[in-house]
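Chain order of the listed sequences is Y and U.
Everything in the first sequence is counted per numbering that gives the first Met the number 0, starting at 0 for the first residue and increasing by one.
Everything in the second sequence is counted per numbering that gives the first Met the number 0, starting at 0 for the first residue and increasing by one.
No lab work stands behind these hints: they were computed from the structure.
Computed from a predicted model, the values in this text were never measured in an experiment.
We put the CB at the ideal spot given by N, CA and C, even for glycine.
Heads up, a few of these hints could be off.
Said to hold, decoys possible - Dumping the calculated DMTMM-like pairs for lysine to aspartate or glutamate here, alpha-carbon to alpha-carbon at most 25 Å:
{"no.": "1", "chain 1": "U", "residue 1": "Lys282", "chain 2": "Y", "residue 2": "Asp161"}
{"no.": "2", "chain 1": "Y", "residue 1": "Lys135", "chain 2": "U", "residue 2": "Asp36"}
{"no.": "3", "chain 1": "U", "residue 1": "Lys178", "chain 2": "Y", "residue 2": "Glu250"}
{"no.": "4", "chain 1": "U", "residue 1": "Lys178", "chain 2": "Y", "residue 2": "Glu286"}
{"no.": "5", "chain 1": "U", "residue 1": "Lys107", "chain 2": "U", "residue 2": "Asp36"}
{"no.": "6", "chain 1": "Y", "residue 1": "Lys135", "chain 2": "U", "residue 2": "Glu87"}
{"no.": "7", "chain 1": "Y", "residue 1": "Lys287", "chain 2": "U", "residue 2": "Glu250"}
What the hints assert, rightly or not - Derived, one-sided and incomplete: chain Y residues facing chain U with beta-carbon distance under 7 Å:
{"no.": "8", "residue": "Met231"}
{"no.": "9", "residue": "Tyr243"}
{"no.": "10", "residue": "Gln246"}
{"no.": "11", "residue": "Asn254"}
{"no.": "12", "residue": "Ser259"}
To be verified - Residues from chain Y shown here face chain U by an in silico Cβ test under 8 Å; the list is partial:
{"no.": "13", "residue": "Ala152"}
{"no.": "14", "residue": "Met257"}
{"no.": "15", "residue": "Glu283"}
{"no.": "16", "residue": "His284"}
There are 2 protein chains.
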Amino acid sequence: MSVLDLSHEVAIGIDIGGTNTKYGLVNHRGEILEKGDIKTDAYPTVKDFIDALYDAIKPIIDKHKSNTRLVGVGIGAPNGNYYTGTIEYAPNLIWKGILPIAELMTKKFGVPCSLTNDANAAAVGEMMYGAARGMKDFIMITLGTGVGSGIVANGSLIYGHDGFAGELGHVIVRPGGRKHWSTGHQGSLEAYCSATGIAITAKKLRAENPQSLLNNIPEDHIDSKSVYEAAMAGDETAKEVFRYTGQILGEALANFIMFSSPEAIILFGGVIKAGELIMNPTKEHMEKNLLPIFQNKVKLVFSELKEADAAILGASALVWEKI
Amino acid sequence: MSVLDLSHEVAIGIDIGGTNTKYGLVNHRGEILEKGDIKTDAYPTVKDFIDALYDAIKPIIDKHKSNTRLVGVGIGAPNGNYYTGTIEYAPNLIWKGILPIAELMTKKFGVPCSLTNDANAAAVGEMMYGAARGMKDFIMITLGTGVGSGIVANGSLIYGHDGFAGELGHVIVRPGGRKHWSTGHQGSLEAYCSATGIAITAKKLRAENPQSLLNNIPEDHIDSKSVYEAAMAGDETAKEVFRYTGQILGEALANFIMFSSPEAIILFGGVIKAGELIMNPTKEHMEKNLLPIFQNKVKLVFSELKEADAAILGASALVWEKI
């Protein structure tokens, strides 16, 4: 097999989360040949974790060895720094401080390892396999437990001078507004538009509207999904939760467009399961807040990648992007 | 003379403003060999304007012909689009619609012409000759009659998919806040932190503080300069004008840092003549609004270019950047 035969090259994509770590063997067309997962928090040290990861992945590599060539490992991880290949002070991981993941992985697997934060990895995945194929300027917004982002300009991810660019969840959109449960800052995008923020809004609005169906949901079951179901059952308060969330998200997106004038903004993550309930107000308020030169130009779309696979695909795509 | 002898290469830098157009012949070291200006609004058509510009500049080119080689023309202009080389619907110019300036200039001068908006040109100038020398990630904020910006990431200006990236003056920093005199949007950075915005703040605060020295200034003389003088004379209300302006600017800069994580933010334009009065509150509120991973990392500095020359230098630098 020629080393120039790209069709046989494969990469390992790894998505490190606080609880689970998912991995997959991915080919150049974005097909996941094999996948699996291990517990992230079951290993007292990073070294133990990487040993376990190797033990899980090595059989897969060997299984496909005869007709593939492994070219690298890509990792998406919270607080992943692309420049240094380290995870730095990630609050959701049990290992503290600065972790030299890329270096340890390269030694263990014998191939180059790239690492970035999970939202950046998702953006690269979207550029290679998803809704941003062929685009040189777009912004990926991940709406999950938190709000993350990956920004591509001139065809490259913006990492900034220190590797930490693209923390759009922490942009202040309501000065003096809702206090963030973790950062303590007031009025950040994440405080309103993450799944966590949506639950806070829902609890506030149901208290103000005793007739709302939301009041039938137990306190600890109030989440983006249960609010969506109430809205689909016709509850006006539940609809208002998404309208309010979409307004704030749309205003924030307008600001982001003024920054990098992207061809598209791609929304990703659990919150987008609300579909039009979140998309319509977001689009309305995004357009309303744009200067005329930006209006009706920017595509606002949902991710085209399956959520279960996107993290693995995005991480593996880091390998191809670097080649 | 060898064509590879860069030391003899020169570029023409042109800064098109609503009233005046400045030009200069600039060498590779950022030295302005000759400069001059013509009236922008004295010519009924763009063609007449370019003919007049040629008549003014040709003698300078000829004078230095024996020991220089002209490699291009760079233009900074309001609403200048880098991709198309056109000025599009610039509200402050007497010629309306889309103006194919780069094409007309190339034909007239016989060398390539690059064009971008004035703030982008200033950013390129700062990168080549000023405070951003050697930097790959920085943001330039121009605080003049309006607020403009030029964003450099991965060593390149961010133009966006349509050439209009970097309109940070129109980012909304106070939702529902002060209405912009021209765009009609509420709470934009420009509405507060431009010279125009500062005058509005000063008029508001002096009305609330009858004892302020600002009340001795005639209505049409209230500007960034006269407020500065009152502050230097010890007037607390005048100081509060800059403190308030700096707070809003600092909060906005913190948001911008979360976007592109620049090594530095460079402030430029008439408003920076207020020195520490504007710098100190800006820096304080910028740091206060940053996540810990960004704190005490980003240099906040004033431009190192002379304001009178910066526009010409920046425009000429577009030529070198393209080579």
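Hints, one by one, checked against the model:
no., hint, in the structure
1, U:Lys282 <-> Y:Asp161, "holds, 20 Å"
2, Y:Lys135 <-> U:Asp36, "violated, 38 Å"
3, U:Lys178 <-> Y:Glu250, "holds, 16 Å"
4, U:Lys178 <-> Y:Glu286, "holds, 18 Å"
5, U:Lys107 <-> U:Asp36, "holds, 18 Å"
6, Y:Lys135 <-> U:Glu87, "holds, 23 Å"
7, Y:Lys287 <-> U:Glu250, "holds, 23 Å"
8, Met231, "violated, 29 Å"
9, Tyr243, "violated, 13 Å"
10, Gln246, "violated, 10 Å"
11, Asn254, "holds, 5 Å"
12, Ser259, "holds, 5 Å"
13, Ala152, "holds, 5 Å"
14, Met257, "holds, 4 Å"
15, Glu283, "violated, 15 Å"
16, His284, "violated, 10 Å"
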